[in-house]
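Start from chain A and add chain B according to the hints.
Protein chains in written order, with the working numbering: chain A, 1 to 93; chain B, 1 to 154.
Take these hints with a grain of salt, some might be off.
What the hints assert, rightly or not - Now the in silico label distances, taken between C-beta atoms and shown as ranges: (1) B:Q122 to A:T49: 26 to 34 Å; (2) B:P66 to A:E34: 42 to 50 Å; (3) A:S84 to B:R58: 41 to 49 Å; (4) B:V12 to A:R7: 45 to 53 Å; (5) B:R54 to A:A35: 57 to 65 Å; (6) B:R58 to A:L19: 32 to 40 Å; (7) A:L19 to B:E43: 39 to 47 Å.
The hints are simulated quantities; they were obtained by calculation from the structure and are not laboratory data.
All values reported here derive from a predicted model rather than from experimental measurement.
Every residue, glycine too, gets a C-beta built ideally from N, C-alpha and C.
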Amino acid sequence: MVERLARGPASVSELAQPLAMSLSAVVQHLAILEASGLVRSEKIGRVRTCRIEPAALNMAEEWIAQRRADWERRFDQLGDYLASLPEVSTRQE
Amino acid sequence: MSNRSVTHSTFVIERRFDASPARVFNAFADPQAKARWFSGPPEWGPDISEMDFRVGGRETNRGGAPGGPVHSFDATYQDIVPNERIVFTYDMHLDDVRISVSLTTIELTPDAGGTRLKFTEQGAFLDAFDKPALREEGTKGLLDALEASLKPDH
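For reference, chain A alone in the conformation it holds in the complex (with noise of 0.2 Å):
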C-alpha cells in the first residue's frame, strides 16, 4: 500500500482493488499509516483521497532500517555464540 502511494495519491477503493483484503480491511491498515504520520488524507465529497507523507516515510525508514539492521546483526551474532556452546543436557541434532 505504501509503495502504491509512493508512486501518486490514490483513493481508498483504488487501493483496494490489487490487494486481496476487504474495504474494511484496507480502511483500518489506513488509520494505521495515518496514525504514524506515514500517510495523509482527505476527504472531497464521497472520495478519501491519500497521499503519503515523503519526509515522515525517509525518516521513519530510515530509522526502522538501522536500528533493526543493528538487532537482526546481534542477533545473528546470539545465534553463533549459542551454537557454540557445548551441549549438556539440551537435544542434540
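Leaving out everything else, chain B in the frame of chain A:
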C-alpha cells in the same frame, strides 16, 4: 540549525534458537556471555561496556568505526522474569547527540527443544535525521540486513 522532530515507530524481530530458554536468557543476563554477541560490527573494534542485570540496573555500551561517531547505548532494566521476559528502556547517542529513546521487550518461549525469541522495540526517534553520518549508517545497515538475509542458515 534548529530542526526538531520526533517519529514514533515500532518493529518486531522474531527468531528461533536451538538452545533452551535458560541458555538464551543467560546470554542476556551474564555479562561475559552477553559480551560474546552484543557488540558492534567486527570492523568497530572492542566496545566499552558495563552492565548491572537487575530491575533498575543500568547497562552502557560504547563503540564505533575508527574515525566515525561514537555510538552510545544506555539502558535501564525495567522488568526481568528469568527465562521468560526482559524489558528495558534505552537511549542511543551518536557522539553527544541523542538520536532515540526506546522501550524494548524480549519474550522467550520454549519451542520444540529450542527457544522462540520475540523482540519488540517501540521508539521515539529524535531530530537528527539528516545528519550525513546517520544516513550513511542507515544505508550500511540496509546492506548488512540484506547480507544477513542471504545467509543460508536463515
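Original post:
So the hint says 45 to 53 Å: do the beta-carbon atoms of V12 of chain B and R7 of chain A match that?
Top reply: 27 Å, violated
Original post:
That 57 to 65 Å hint for R54 of chain B and A35 of chain A (C-beta), does it hold up?
Top reply: 36 Å, violated
**OP:** Kindly confirm whether 32 to 40 Å is satisfied by the beta carbon distance between R58 of chain B and L19 of chain A.
**Re:** 46 Å, violated
Original post:
Taking the CB of P66 of chain B and the CB of E34 of chain A, does the distance hold inside 42 to 50 Å?
Top reply: 43 Å, holds
Original post:
So does Q122 of chain B sit 26 to 34 Å from T49 of chain A, Cβ to Cβ?
Top reply: Given a distance of about 30 Å, which is inside 26 to 34 Å, the answer is holds.
Original post:
Quick one: are S84 of chain A and R58 of chain B within 41 to 49 Å, going by C-beta?
Top reply: Between S84 of chain A and R58 of chain B, where Cβ atoms are some 28 Å apart, the hint is violated.
Subject >> 39 to 47 Å as the expected CB spacing between E43 of chain B and L19 of chain A, which holds or is violated >> reply: 42 Å, holds
In terms of the numbered hints stated before, the structure departs from hints 3, 4, 5 and 6, listed from lowest to highest.
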